[in-house]
Amino acid sequence: MAQGSYYVPATAKWPIVGSVGLFIMMIGAANWLNGNPIGPWLTLIGSVVVIFMTFGWFAEVIRESEGGLYSSAVDTSFRQGMIWFIFSEVMFFAAFFGALFYARMFAVPWLGGEGTGAMTNELLWPGFEAHWPTHGPAELGGDFQTIPAFDLPLLNTLILLTSGVTITLAHWALKRGQRTALVLWMWSTIALGLLFLSIQFYEYVHAYRDLGLTLGSGIYGSTFFMLTGFHGLHVILGTIMLIVITLRCMFGHFTAKNHFGFEAVAWYWHFVDVVWLGLFIFVYVI
Amino acid sequence: MSEATTHHDDHHDHPKGLWRWVVTTNHKDIGTLYLLFSLVMFLIGGAMALVIRAELFAPGLQLVNPDFFNQMTTMHALVMIFGAVMPAFVGLANWMVPLMIGAPDMALPRMNNWSFWILPFAFTILLSTLFMPTGAPASGWTLYPPLSLQGGNSFAFVIFAIHLMGISSIMGAINIVATILNMRAPGMTLLRMPLFIWTWLITAFLLIAVMPVLAGAVTMLLTDRFFGTSFFNAAGGGDPVLYQHIFWFFGHPEVYIMILPAFGIVSEIIPTFSRKRLFGYTSMVYATASIAFLSFIVWAHHMFTVGMPLGAMLFFMYATMVIAVPTGVKIFNWIATMWRGSMTFETPMLFALGFVVMFTIGGLSGVMLAIVPADFQYHDSYFVVAHFHYVLVTGSVFAIMAGVYYWLPKWTGHMYDERLGKIHFWWSTVWVNVLFFPQHYLGLAGMPRRIPDYAVQFTEFNMISSIGGFMFGFGQLLFCYIIWKCARGGEPASARVWEGSRGLEWTVPSPAPHHTFDTPPVVDDSVAVHKDELT
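If you read the sequences in order, they're chains R and S. So for the first sequence, this note's numbering puts the first residue at 29; every next one is plus one. So for the second sequence, this note's numbering puts the first residue at 4; every next one is plus one.
Among the clues, some could well be false.
[Unchecked claim] A few chain S residues that face chain R, going by a derived Cβ cut-off under 8 angstroms, partial list only:
id: 1; residue: T28
id: 2; residue: D32
id: 3; residue: W120
id: 4; residue: F124
id: 5; residue: P136
id: 6; residue: G138
id: 7; residue: I177
id: 8; residue: I211
id: 9; residue: G231
id: 10; residue: V309
id: 11; residue: G314
id: 12; residue: L317
These are calculated hints, taken from the structure and not from any lab test. Built from N, CA and C at the ideal position, the CB exists for glycine as well.
Isolated chain R (complex conformation) (with noise of 0.2 angstroms):
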């Protein structure tokens, strides 16, 4: 119900729901990894009442905006809302990269016997050199060649950079209320974020079976899997969102001047390229 000019909603089934499709998900989870049969149904039925919620929480939010419920307060909330929700996410993927970087600073070459670590070569791994990439003094998951930087992975830096562009195009059109352009600038950028995730895919398949490049690979596989990996689920998720936000477009839920959950969208979409741009230079280049 209103409250003054702020909207308050009286009541909040989804939450309830999406607690305990979490619940479920997360039990289901911990058992499939300790190998019991039950486990994968349970993930997936979590998985199913999660999605379900999401979209019951997000049409309930659409209904309420396009109802007029929302004021410019309740606009500026959700603008902060997603704003430290992103800074969340940075903070996120900040941790994996500090492992990256600690992992090349100090724990490869105290390793190799650099600094205070000359003990721990000579007695624990005698004869191992400190160099990057490395699978660690055990060799652990076999040989393994990288992914040269400047063939794929920069087509795909390419990519996400000119997907970037379409979206703000298409931000462009909206705002000048120019619904063809914008769906299509949008569909541009939706078909940029899916070519994306194909060169990764197909990346991920050549690494495996061509390159010896796995998750088992020592560190620089575990580095390079986890971050290009969440980044791809980023990507996903995003492209997911994009598909949504340009749906709504067709529909006409945004006007030139009031389309927060287009920002939204875009922002992460930004957020989503910026971080691209840190793994290419840290995991790829250097």
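Based on the hints, put chain S in the right spot on chain R.
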């Protein structure tokens, strides 16, 4: 029919009974839920602590086997940190932030509901590990590899429970930041905000910054155990110490997450019962921000003995010691606030004063621990246990209790039983010192933490400590009784409740109506300010 298409009147579709609490979007309801949840967790975590103290009452293995003892130390910490202290502060924030800044509710009420309702499920998963054949996690709450990776089936459950707690904390923190930045009443400028609001704003920022880092750390643990990664495996080029760095990058801001709102509460209470404005309001704000900033660059003082380059140890030692400066500013300001005030000593004030004295003890032992060569001796000893329990129990928990007594009349509309409140304070204060003070000596004499047995020369102090533990623990049942009694009835509370109280929360009736500040109040210096001008 969706509520999107129509405006409802307040009283039409208000669900009743339990369901009301499940679907509520009201900040007061959700605040109450958080606080009750936290109290339940406080009792569960306390029961675990009593198992530890019972085992340590006498040397030798007495009651439980060593593995179960380690499960208790691990679970006690996880339950108290993530289940008791953090939700209590979030509950206080839910109740008080909108009331103190003149907002109709939290900025994102639906998400507010979700932040809370994830927690009971997360703790169901966490506590369920106690009943698994391989038992609960026993590696300590820090989950250091490689030990934590060698646990039983509970491992994956604990990791996912921590993920859920993190999701809940991040959403709660985003909500608080959005509320404070966006929902303030006209005239409530940033430097007119009560200090509780300031400390929570900064705490929420810390939460958003570091909870994802914890998520990253435990995710790496998970993939190291189940998916063959080598983050913490030297054979693959990783390093178990890497985990400690990432964990404490989260963990040190986390300890300030558990103390900054306590500073805020105490900064509300001391001026009220000194009948003066807070001394040095602006310096309090800057000190809080400084502490928050420093919390990001001191993490490695938790791991001095792990083997780090000397330069790193020096940096982390000096950075840690610098924290004593803004903290000292705060202690000074609290004392200066009381200076020549017309002081009275109601229960909230007693707890706040207990906080100032005993938190300072914990702070000073913290400075001792910051000294690298000294820490080589103290590390992982009972001295550390004594230190962080002074900070967390006589610090955070005492401040939470002070806040509960302070605002309870506003929540329930009744005064609590002052006589029982004072008994609760003195009982707790005496026994908590009997409980924790001897642990300093035990630690300095070399007794290690997290070990169920000890050399016989430690017997006396351990017995004293255990007696203190049981007396303090059972004394908290009185706290539950006082709250229950106050909720049931008592002398009606006025709107202002306390003679010296200032701020918007005291302008609404007691109990605070279900909806407050539908029309925002206009704030000027006379109402809410804690400005340190002479009065």
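Here is how each hint holds up against the structure:
1. T28: The hint holds - T28 (chain S) has a Cβ within 8 angstroms of chain R, the shortest such distance being about 5 angstroms.
2. D32: Violated - the Cβ of D32 (chain S) stays beyond 8 angstroms from chain R, reaching only about 11 angstroms at its closest.
3. W120: Result: holds, 5 angstroms to nearest chain R Cβ.
4. F124: holds (4 angstroms)
5. P136: Hint on P136 (chain S): violated, closest Cβ of chain R at ~11 angstroms, above 8 angstroms.
6. G138: Since the shortest Cβ distance to chain R is 14 angstroms, the answer is violated.
7. I177: Cβ of I177 (chain S) sits 4 angstroms from chain R, so the hint holds.
8. I211: Holds, about 5 angstroms.
9. G231: holds (4 angstroms)
10. V309: Cβ of V309 (chain S) sits 11 angstroms from chain R, so the hint is violated.
11. G314: violated (10 angstroms)
12. L317: violated (14 angstroms)
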